[in-house]
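> The task is simple: from the sequences and hints, build the whole structure.
4 protein chains.
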Amino acid sequence: MAYRDEQLNEEKVFKDPVHRYVHVRDKVIWDLIGTPEFQRLRRIKQLGTSFFTFHGAEHSRFNHSLGVYEIIRRIVENFRGHADWNDEERLLCLSAALLHDLGHGPFSHSFEKVFNLDHEDYTRDIILGDTAVNRILQRVGDDFPQKVADVIGKTYANKLVISLISSQIDADRMDYLQRDAYFTGVSYGHFDMERILRVMRPLDDQVVIKASGMHAVEDYIMSRYQMYWQVYFHPVTRSSEVILSKILHRAMHLYKGDYQFTLEPHHFVSFFDENPSLEDYLKLDESVVMYYFQIWKDEKDPILSDLCNRFVNRHLFKYIEFNPNHQFGQWMELHKLFTEAGIDPDYYLEVDSSSDLPYDFYRPGEDEERLPIHLMMQNGDLKELSRQSEIVEAISGKKRTDHKLYYAADFIEGLSDDSEIKKRILEILEG
Amino acid sequence: MAYRDEQLNEEKVFKDPVHRYVHVRDKVIWDLIGTPEFQRLRRIKQLGTSFFTFHGAEHSRFNHSLGVYEIIRRIVENFRGHADWNDEERLLCLSAALLHDLGHGPFSHSFEKVFNLDHEDYTRDIILGDTAVNRILQRVGDDFPQKVADVIGKTYANKLVISLISSQIDADRMDYLQRDAYFTGVSYGHFDMERILRVMRPLDDQVVIKASGMHAVEDYIMSRYQMYWQVYFHPVTRSSEVILSKILHRAMHLYKGDYQFTLEPHHFVSFFDENPSLEDYLKLDESVVMYYFQIWKDEKDPILSDLCNRFVNRHLFKYIEFNPNHQFGQWMELHKLFTEAGIDPDYYLEVDSSSDLPYDFYRPGEDEERLPIHLMMQNGDLKELSRQSEIVEAISGKKRTDHKLYYAADFIEGLSDDSEIKKRILEILEG
Amino acid sequence: MAYRDEQLNEEKVFKDPVHRYVHVRDKVIWDLIGTPEFQRLRRIKQLGTSFFTFHGAEHSRFNHSLGVYEIIRRIVENFRGHADWNDEERLLCLSAALLHDLGHGPFSHSFEKVFNLDHEDYTRDIILGDTAVNRILQRVGDDFPQKVADVIGKTYANKLVISLISSQIDADRMDYLQRDAYFTGVSYGHFDMERILRVMRPLDDQVVIKASGMHAVEDYIMSRYQMYWQVYFHPVTRSSEVILSKILHRAMHLYKGDYQFTLEPHHFVSFFDENPSLEDYLKLDESVVMYYFQIWKDEKDPILSDLCNRFVNRHLFKYIEFNPNHQFGQWMELHKLFTEAGIDPDYYLEVDSSSDLPYDFYRPGEDEERLPIHLMMQNGDLKELSRQSEIVEAISGKKRTDHKLYYAADFIEGLSDDSEIKKRILEILEG
Amino acid sequence: MAYRDEQLNEEKVFKDPVHRYVHVRDKVIWDLIGTPEFQRLRRIKQLGTSFFTFHGAEHSRFNHSLGVYEIIRRIVENFRGHADWNDEERLLCLSAALLHDLGHGPFSHSFEKVFNLDHEDYTRDIILGDTAVNRILQRVGDDFPQKVADVIGKTYANKLVISLISSQIDADRMDYLQRDAYFTGVSYGHFDMERILRVMRPLDDQVVIKASGMHAVEDYIMSRYQMYWQVYFHPVTRSSEVILSKILHRAMHLYKGDYQFTLEPHHFVSFFDENPSLEDYLKLDESVVMYYFQIWKDEKDPILSDLCNRFVNRHLFKYIEFNPNHQFGQWMELHKLFTEAGIDPDYYLEVDSSSDLPYDFYRPGEDEERLPIHLMMQNGDLKELSRQSEIVEAISGKKRTDHKLYYAADFIEGLSDDSEIKKRILEILEG
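Residue numbers (full-length UniProt numbering), protein chains in the order written: chain H, 1 to 431; chain G, 1 to 431; chain L, 1 to 431; chain D, 1 to 431.
Where hints are given, some of them may not hold.
Pairs involving identical chains hold if they fit within one copy or between any two copies, as the list cannot separate such chains.
Claimed, not checked - No farther apart than 30 Å at their CA atoms in a straight line, the calculated lysine-lysine pairs in the BS3-like style are these:
{"id": "1", "residue 1": "K318", "residue 2": "K422"}
{"id": "2", "residue 1": "K422", "residue 2": "K12"}
{"id": "3", "residue 1": "K297", "residue 2": "K422"}
{"id": "4", "residue 1": "K12", "residue 2": "K383"}
{"id": "5", "residue 1": "K210", "residue 2": "K27"}
{"id": "6", "residue 1": "K283", "residue 2": "K256"}
{"id": "7", "residue 1": "K383", "residue 2": "K159"}
{"id": "8", "residue 1": "K297", "residue 2": "K12"}
{"id": "9", "residue 1": "K283", "residue 2": "K297"}
Everything labelled a hint here was simulated from the structure, so no lab data went into it.
Structural data, given as structure tokens:
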């Protein structure tokens, strides 16, 4: 594995608000950052539509990707010389960290669901396909692109390398918690990363945490919990995501129904066909999406036009607590009432459910098993985190779900006050 | 002046990373924030192309406008009850603060120069024209939109109100210095705003600073100085602005020359004609611009295509120190050499000069006179800041200019090594 | 209740690293801060011996007392105008907040246990006795000192006032968590106090929290949990407290045994007699204690001299996990072995146990019932915090205890290597 | 120079609020920190009496010394491998950094002036004398203590090593500016130290700064300027220092006049004789001084008693602007009037002058020449900082002096209102 790892004449630095500086001294890393595929991440927001809720959350995935790279760089520097660490994996770790989100498209969450895509497939395609990224990775070695793809795809032989990039306490999570907290301005999301990095140890095929750092890890897990509920699952953000999904559904529906768009939606066609080529995929960033939505505001289809207007001008749906499992009758009735009122319930009424599992350990046989975080005790024994930490034990394995019903409140208000339908709808919604 | 100032049922807050919270309790302010014209500011970056230099600088003018509003809100709250303050100006101040940047277009700096526009005209047009903003302001009083426009246009009768929004130590500057420092992550841009707000006093037609706060003001002026040279005039940012201007020039040139664009540039047409209507102006935000640039990357005109590729993928011009006043001969020669080498110097060679005057006091008869900052001594006397502060005195009135020559270094490198032209160009550029 | 509340000509401010500024505009508050009794708090550290563990923790109770005052000032300002708030309680709240720790002596924790004292008694005595503090409080009204004492002593009629100063989410806790985090430099202890202050509401006889602020409260409770285990109960700090207690015990033992001190311990005599007068109490601050300890380093009694040397020069005891409930036999054996080795176990061997109950709600009939934190739901209902928060529910009512055995490891090492006693001691200690 | 540099089994860390963590892996450093001479620095405040002005400023020289050590550790780590750097100087640099303030006594500024001492002599004596520090340094090599003393005394052959510890941009200044800003809570004192450390380069016998880091250095110099005038020379702090000096003068005067102290001032005797031995010197820390001042509050000499009461209870002198060079007549008259009023002007009237030279470059022949800061241009040339920076040029070599007159305002107020003396004194003081 004699890789060619050319060094820059002089270390380059990026000023980063979260990690202060991002340091690059490998020419491969520098060149990867300069590729069109990586620069494209500047045009995709890290938190999708969250900026509607937290106006500071306008940062891009470019930002985050540099951050994950920097954390891995520091971890790998700490690992140098450890018996269980092979420093030849260094450049592989750095590359995988930098590129792990490369396949994200615009507003991934909604796009993936509506168009049945998986950004991980595109990450792999960009790394292995006919791209600037691939050509640069090839310079290191013929098998290097495949290795990078394997690490990101979690199939690489050295599980230790994988766990740095994706585990319950990986560089990805550590960066986004801090970064999203910084840009939104919330007071959650802070934990002592410097300490966590200092207590991480490579051990066989995993990264373990020295027991003396347990409280820093607890703090990290609590931060994660708070960020999920305070930021990522904020109901206002989910409202804008509901509208976004509805726009995509409507546009696809119109396209399949031979609707004549004023401007032919070239960029979207292969998405509507649920089979975008890599080239098409890379062309569709968030500025292109926003361009279309602004055009579609003036489309003649009233639903597409209305929904785009809502999204562009932040005229969102209202919401109430609503559990579809217990309130199925009400759901059916609302659906019927909306239809009767001339408000298409397929576009103006939606239940959204968000769930989070703050920490879990291995349970054989379940889907998506999660590897536990192991503490290394002073005597060298390993103990699973929730066995040692009461706080973590308390929330371990507890899935929490939040259900909300979203609806176009302004349309309801717009109904005649005499209308029985309006009265009944309000009765249900306002309980 | 019996304004209708309806209050919200419950104060609304925005989480803001710089001021922690932005507080809104006037319904007018809340409704202004919800207008399409104000929401559009989310699609215009506060620092234009600076994100190419500082990846964190992706924040929008929406962000900044809320910040200026919040600072004014705090100042006006402090002023309540002062003899020289009329609290009926409160809502006017808040509205003008919120809306002061409303007319900014995409990448304003370059667009204004190339298309001969002035964002202040558009701010005025939005406030006074047929817009949602105007309709909301009208609710306060028939003359209210005009008053807001007058404050922003600096023609309002009460100069005290104007000075809160635009002076050498106004809410605008205080917000952007802190905000831009926060998002770029630089360590400049910090000063004790809380202290400055505490020592501001309304006095006749100006805001004065209690002498005990002089050092906080010194710190603010030094922050401003550092931010200009470290962030706003960063040579890499200016490189991207040079390219941006060249794109706009080239596209206009092609348009005027009856070039057939693959995609008709509808959004740009009235800009190329240097007379965009308000409606056209509002439609052109930065996602639309980026959409066109990505389309233009594939245009058949090689210059437009190349320049757009450079901008989209951050493939910028290199630069050297170059003073056109002293090096005019070299400039002429380079121009000629570029032409001979087949590299159009109108698009690939440019001198850019940036100047800053960190602080100045009134000098009768000069263009753009600047009002001085006055300190109020313990005995009530007013003294101009630079008379009291050695630091400010040292930099007062000293204009500093930086000249740089930008050029497409890769094109020069691409010339044959035998070429005499190449040798001579490199001789001049590398001194 | 027509109190005399004279205002200062001009508001005074203290620069505070935690709350940025502490604001004073009541002359009574200003004068209280200037009393010898309050200034004395500068000579008593907020965290006792914690500076041995965290070198930044050198801040005094003076610091913290100003901070608690400032938090209450902000809360009371927010409460003004609420139906359930009587603004005539304002000055009482401020005074009680400022003075609540006034009776703390040097290294209170250890002193109180060894000499059987209660700092709350002294707080009361200072407020009601012949002191500068009392004379200033009297200026407000004859019954004012008594009211202040009642609030601090939790016997005041208006329970709402008491709950601001002492409850599970009071100004005292909010200040010390943030302040102690700031000075130690740990990354725990941060929570969004600004938000908590905004969601606090006076309701009948308690302070409730608007439900929308629940997560900020969760964060506060988790901070509290982390600070207890990471800072307050740090085993190194407890080691120095063990030594401190041993010094006091030894000195008292010598005094009672008619030992002739080289320097008569005037300041300690009434403490040894377990009945210090108020005057004696106020004279013994931490500089006086440290003076004596330095003198006692040179006393001829070897135990007193050795212990003082350990404390002054941070030559602490080592520790191991040790549960006296389960390891009583080992404890007995160690005691015996130490005695045989000529190392007095009464001074050189000690079990220390620390317990914390992070949050609890009311359980009738138990000692020291704790009032719950109530959330106010949107419909006005009150719900106890742990019913709404899974995180809090998880840790609610769970008392955690940590036991450690402290011993003079250097003395054991100093024993002859052949010694059977040494071997057996090490066997037990090193398990 | 084959030094014995034993490493610790495991790196030790101190949590530091300014540098986050202080790292120790050399056994010598660890052992030095544990010596009584170094632990004594915990009992000497970094900013002397500044805590009277900024209540947060209670941090000790122990704190600061660890900080300087940590900065040097980072610099030396960066230097490793540079052609002009000899890594064998590493341990010497670390030791000198840690110990550079070792000879400071209590409230050094005042003690040194009154008793005619120089803390640098004591630093040298501790390092070279019969101390724990000396014995540990000896373990490295017989000549090592002398080398450490030479570096601190600025006589060491390798000037590069000296300049790390004492120059216009050394580790000492970088630590105290940040640390004092942190503990006082002022917003000055911040600069981008991480950047400065990255642009420092060893070059022959000095440390130079890469030109690209010029603005970070400007920021550092401005921070220094602001800290001097906002914190270090704050008039309230100087008021307490005036009183402190007066106490020491009075006590010495009484001692020399055969006054019988209630408690024999053992710790002070050799200071009064202006010749304390090293042993005496080390015994007198700030807790001992505070102990005496509290005892002296009750001395029968009214001046000593009054002054100690003022110091202990922060009952300070008032001050006005007063230039003794221009107001000599008034000074003479005040002196006379105070005497006539029975207020001893030797103890209750004082002019204090503070001066600062923010930055200077070498001027041959002047006292206390200062080495300039050199920038290293891209082409390798060196330029003196003020030639490149307008800001620094503006303040370079400009000495600023502030004069204040301090007096016991309460004594003046206490004079009979009819008194002509009182009227005349107030006339002069209140201008």
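> Indicate, hint by hint, whether the structure satisfies it.
Hints, one by one, checked against the model:
With identical chains, the CA atoms of K318 and K422 are at most 30 Å apart within one copy only, with a shortest distance of 16 Å there and 65 Å across copies. In this homomeric assembly, K422 and K12 come within 30 Å of each other (Cα to Cα) only across copies, at 28 Å, whereas the closest approach inside a single copy is 63 Å. Proximity of K297 and K422 under a CA criterion of 30 Å is satisfied intra-copy only: 27 Å inside one chain copy versus 52 Å between copies. For the homomeric pair K12 and K383, the shortest alpha-carbon distance between copies (24 Å) is at most 30 Å, but the shortest distance inside one copy (40 Å) is not.
For a Cα distance limit of 30 Å, the shortest separation of K210 from K27 across copies, 22 Å, qualifies, whereas the shortest one inside one copy, 34 Å, does not. Both within a single protomer and between protomers do K283 and K256 lie at most 30 Å apart by alpha-carbon distance, with minima of 22 Å and 29 Å respectively. Taking identical chains as interchangeable, the C-alpha atoms of K383 and K159 lie at most 30 Å apart only when both belong to the same chain, with a minimum of 19 Å there against 47 Å between chains. Taking the closest pair of Cα atoms, K297 and K12 come within 30 Å of each other only across two copies (28 Å); inside a single copy the shortest separation is 44 Å, beyond that limit.
When the C-alpha separation of K283 and K297 is checked against a cutoff of 30 Å, the pair qualifies both within a copy, at 22 Å, and between copies, at 11 Å.
Comparing the model with each earlier hint shows no violations; every hint is respected.
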